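Peer 1: Following the hints, position chain B against chain A.
First to last, the protein sequences are chains A and B. Once you know that position 91 of the first sequence is 91 in our numbering, the rest is easy, because the numbers rise by one and skip nothing. Residues are numbered in our numbering as their position in the second sequence, beginning at 1, plus a constant of 168.
All clues given are correct.
Below 16 Å or equal to it, Euclidean Cα-Cα: the simulated EDC-like pairs (lysine to aspartate or glutamate) are:
#1 K165/A / E109/A
#2 K221/B / E45/A
#3 K333/B / D152/A
#4 K221/B / E48/A
#5 K333/B / E279/B
#6 K165/A / E125/A
#7 K333/B / E277/B
#8 K53/A / E213/B
#9 K333/B / E293/B
#10 K165/A / E111/A
#11 K53/A / E216/B
#12 K165/A / D320/B
No lab work stands behind these hints, which were simulated from the structure alone. The structure displayed is predicted, hence computed values, not measured ones.
2 protein chains.
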Amino acid sequence: MSTPPEDLPPLAFRAVVRPEDIEDVQSLVRATGFFSDEEVSIATELVEQRLAKGPASGYEFIFTEQGGSLIGYTCYGRVPLTRSSFDLYWIVVAPTMQGMGVGRRLLAETERAVVRTGGTTLYAETSSRDQYAPTRSFYRASGYSVAAELSDFYAPGDSKIVFVKRLA
Amino acid sequence: MSTPPEDLPPLAFRAVVRPEDIEDVQSLVRATGFFSDEEVSIATELVEQRLAKGPASGYEFIFTEQGGSLIGYTCYGRVPLTRSSFDLYWIVVAPTMQGMGVGRRLLAETERAVVRTGGTTLYAETSSRDQYAPTRSFYRASGYSVAAELSDFYAPGDSKIVFVKRLA
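Extracted from the complex, chain A is given alone in its bound form:
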């Protein structure tokens, strides 16, 4: 039985996006075994759009590494046409690093970054499927509440749950 190390050193965060993040994000998202091919493509495409268009892409990132390897990241951004609402588009932690608080720290760092750029609200959308029960628990434990539920949104029996946290 393996015990997650409780003494995970403080994480360093990086907001600058580099060309090698395209491949690293693709590998990381795929390695979780959690996401569909379409999801892997979209996650990768957001990195590409950020590199191509810069801040105008609307996509911001926070990466964290250990030993030179990407172990987790978030992708977020202001929702177009809103004054200060932000969406958490992606939060991914390497399978070997899950359960150690990496996601919690990445989310907290993301919330701080949102507030720094004038954001007041962070939304996170997820699925009602059993597979996402830990994700939903993670958001609840992080202070998020359910703002909306769109039934059969992703597919029959697979609803969209919109979580929200007021940051201001």
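Peer 2: Showing chain B alone in chain A's frame:
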């Protein structure tokens, strides 16, 4: 007092996107006096993305013209990561042609197009502001119901109302 002509001839619809639609959509959206500069930019950008990437852009259009001029259009598409949920991103009718059923016919044509491509559900997001009361009435009269309301989404006091219609 002007009376809207009740004998508006049948409208012809066009789904093919042409380069001149960029400027025509920009002019049309701006001419309504209804949308912000950011909204005009986004509406225009979706046409550009469609022209640049084709169907892979995820944006489909239905245009309608009279006398060679664009008098209305919709922009819609499958919501990424969903099996058969579609979003109505834009529906715009020229100010001189409003109140004549152009919007109703454009929406009906859009719903038919969504069903033809396997869509089962069409979502339309709008604002809770007074300015959008006619828009909300339009969706209700067209068979849409409120699926969710995200308070203060666009700005304090300006919520997002998500309308939905099951098409299947």
